[in-house]
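Engineer: These are the residues of each chain, in order.
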Amino acid sequence: MTILAFDWGLVIEKLILIAVVVFGSLGIALYTTFGERKVAAILQDRPGPNRAGPFGLLQPLADGIKLIMKEEIIPTAANKWLFILGPALAMTASLMTCAVIPWGSDIELFGRKIALQIADINIGILYVFAVVSMGVYGIMIGGWASNNKFSLMSSLRAASQAISYELAMGLALIALLMTTESLSLKTIVEQQVQGNWWNIVYQPLGFLLFFIAALAECNRTPFDLPEAENELNFGYHQEYSSMKLGFYLFAEYINMIMSSAIMASMYFGGYDLPFFDESTVAPNIAAMIGVGTLLIKIVLFIFLFMWIRWTIPRFRYDQLMNLGWKTMIPLALFNLLITGALILANL
Amino acid sequence: MSTVDILFYLLSAFAIVSATMVLISKNPIHSVLWLILVFFAISGHYILLNAQFLAIVNIIVYAGAIMVLFLFVIMLMNIKKDAEPQKQLLVKLTGVVAAGSLLTLLIAVVKQTTQIQDKQVLLKEGSIGLIHPLGQALFTDYVIPFEISSVLFLSAMVGAVIIGKK
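Chains as they are written, first to last, in our numbering: chain Z, 1 to 347; chain Y, 1 to 166.
None of these hints come from the bench; they were simulated from the model.
Just so you know, not all the hints are guaranteed correct.
Derived DSS-like pairs: lysine-lysine, alpha-carbon spacing no greater than 30 Å straight-line [unchecked claim]:
| hint | chain 1 | residue 1 | chain 2 | residue 2 |
| --- | --- | --- | --- | --- |
| 1 | Y | LYS26 | Y | LYS87 |
| 2 | Y | LYS111 | Y | LYS26 |
| 3 | Z | LYS80 | Z | LYS70 |
| 4 | Z | LYS80 | Z | LYS14 |
| 5 | Z | LYS149 | Y | LYS92 |
| 6 | Z | LYS14 | Z | LYS113 |
| 7 | Y | LYS111 | Z | LYS149 |
| 8 | Z | LYS326 | Y | LYS166 |
| 9 | Z | LYS66 | Z | LYS80 |
| 10 | Z | LYS66 | Z | LYS149 |
| 11 | Y | LYS92 | Y | LYS111 |
| 12 | Z | LYS66 | Y | LYS87 |
| 13 | Z | LYS80 | Y | LYS26 |
| 14 | Z | LYS326 | Y | LYS165 |
| 15 | Z | LYS80 | Y | LYS87 |
| 16 | Z | LYS70 | Z | LYS38 |
| 17 | Z | LYS70 | Z | LYS14 |
| 18 | Z | LYS38 | Z | LYS66 |
To list a few chain Y residues with every Cβ distance to chain Z over 12 Å, as calculated [stated by the list, open to error]:
| hint | residue |
| --- | --- |
| 19 | PHE14 |
| 20 | ILE24 |
| 21 | VAL57 |
| 22 | VAL61 |
| 23 | GLY95 |
| 24 | LEU103 |
| 25 | ILE144 |
| 26 | ALA156 |
Glycine included, C-beta positions come from ideal geometry on N, C-alpha and C.
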């Protein structure tokens, strides 16, 4: 029997890692919804959720129970299978990104060297792009299957917005990849750990463009036109109720966490704690410090997302398209040219 | 049977079933979704060949971008199931004969090709599908065809803009 002749330790180790990462992200997403409401409350000078548990800390649990207890409604004119497939796809696509994010340096456990990354693949960052482009289907299928013209219009908006901003995002990223000469996220982070500077120093414009595109990809304000309630009632998830609606709302928060993790890894050193020499402590402790550092960076990015959401009003649709095609893409191309010239001049 | 063999047969079955579903689905939206699954199965085959770059580009370009455009068009056309034109029996029969002969021809050609006889596919190894060797090949040996095809894309883009302006 050669069928089962592979390293079972590796399989078990990866399964545990996947479970930890997936449930960890779900847990963080749960508390991001709470964080969002608290941040909104602080910015608007009101107390925010403070009834369930101490400081309102049990609020996400109460919200979750409320969503699950609601009646499931599938409209009679809806396409039943696709109506269910929509939120499932949205959730799957947003969770799949976590496979290539390096969460920390290697740890040693039971004599095995364990990498804190589910898959270190040659094409790391392209994989993220592929998954992001799959995320559009969740919205499109859900919007179309609802058989509601507002949902359909909203899902078309979401898809065209995602495609437009993916371009600028890719172009901004190419400039970074030219300097790192690798697509593997692990290699990119390691370069920043060993080198003196984080990539943000080399690619400030590229990061700005990437950040704006990430806001648009996550459908966050000021780019939340797919959910523009004053024009489209409630957007693509208008016909959804109960946990299927919860999945759509939740997927947005997971997207936010994953894009924060990607931005932290690509431009802000990933699990690198600045001014700290990791080789002075035991490898396991260094790895734990790294995981903690990355989580703090992610939380800071999420706070930035929320800060922007509760400060800036929503764009008009033509403004959004103009920004994407006539400002971001030319700027990204300019950034690409400058980077290429600097690399040629060996600076 | 090694793991790779098992994966190969699973992916092949997956691809063929999905491709059949593309043809027999009455609803055009369902056809598009099955076609996306076909692209995924083909990407799986590329990964078995260790052509990671090709696999992911297949997903980004075909499953991610082109199929979204297909969905756009079909969703906006609002095709009804019963409004689909029914072809005559004779036309259907001609189609079957034509497609069947093409299939026979293709199989015959593949079987006759001497270059691929008694050759084993490199499974799980070989680095030509990874980014570095592929980039090297594209920008040294095949630089002229590569550049010419990019000019072709540029002209298509200019054409699209001109049509859009009218």
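Engineer: Taken at face value, is the distance from the CA of LYS38 (chain Z) to the CA of LYS70 (chain Z) at most 30 Å?
Structural biologist: holds, 24 Å
Engineer: Please work out if LYS26 (chain Y) and LYS87 (chain Y) have their alpha carbons no farther apart than 30 Å.
Structural biologist: Answer holds: LYS26 (chain Y) to LYS87 (chain Y) is near 14 Å, not above 30 Å.
Engineer: Given the proposed pairing of LYS80 (chain Z) with LYS70 (chain Z), does the C-alpha separation stay at or below 30 Å?
Structural biologist: Holds, at roughly 19 Å.
Engineer: Take a quick look at whether LYS80 (chain Z) and LYS87 (chain Y) sit within 30 Å of each other, Cα to Cα.
Structural biologist: At roughly 29 Å apart (the allowed maximum being 30 Å), LYS87 (chain Y) and LYS80 (chain Z) satisfy the hint.
Engineer: If you draw a straight line from the CA of LYS38 (chain Z) to the CA of LYS66 (chain Z), is it 30 Å or shorter?
Structural biologist: OK: LYS38 (chain Z) and LYS66 (chain Z) at ~19 Å, within 30 Å.
Engineer: Check whether the Cα positions of LYS66 (chain Z) and LYS80 (chain Z) lie no farther apart than 30 Å.
Structural biologist: holds, 24 Å
Engineer: Please work out if LYS14 (chain Z) and LYS113 (chain Z) have their alpha carbons no farther apart than 30 Å.
Structural biologist: Satisfied, since the Cα-Cα distance of roughly 12 Å is no more than 30 Å.
Engineer: Non-interface claim for PHE14 (chain Y): all C-beta distances to chain Z beyond 12 Å?
Structural biologist: holds, 17 Å
Engineer: Given the proposed pairing of LYS80 (chain Z) with LYS14 (chain Z), does the C-alpha separation stay at or below 30 Å?
Structural biologist: Since the Cα atoms of LYS80 (chain Z) and LYS14 (chain Z) sit roughly 35 Å apart, the hinted pair is violated (cutoff 30 Å).
Engineer: Checking one constraint from the list: CA of LYS66 (chain Z) to CA of LYS149 (chain Z), max 30 Å. Satisfied?
Structural biologist: Measuring from Cα to Cα gives roughly 28 Å; hence the hint holds.
Engineer: Measuring Cβ to Cβ, find out whether ILE144 (chain Y) lies farther than 12 Å from everything in chain Z.
Structural biologist: holds, 21 Å
Engineer: For LYS80 (chain Z) and LYS26 (chain Y), compute the direct alpha-carbon distance and say whether it is at most 30 Å.
Structural biologist: Holds: LYS80 (chain Z) and LYS26 (chain Y) sit about 15 Å apart, inside 30 Å.
Violation of the numbered hints given earlier is confined to hints 2, 4, 5, 7, 12, 17, 21 and 22; the remaining hints are satisfied by the structure.
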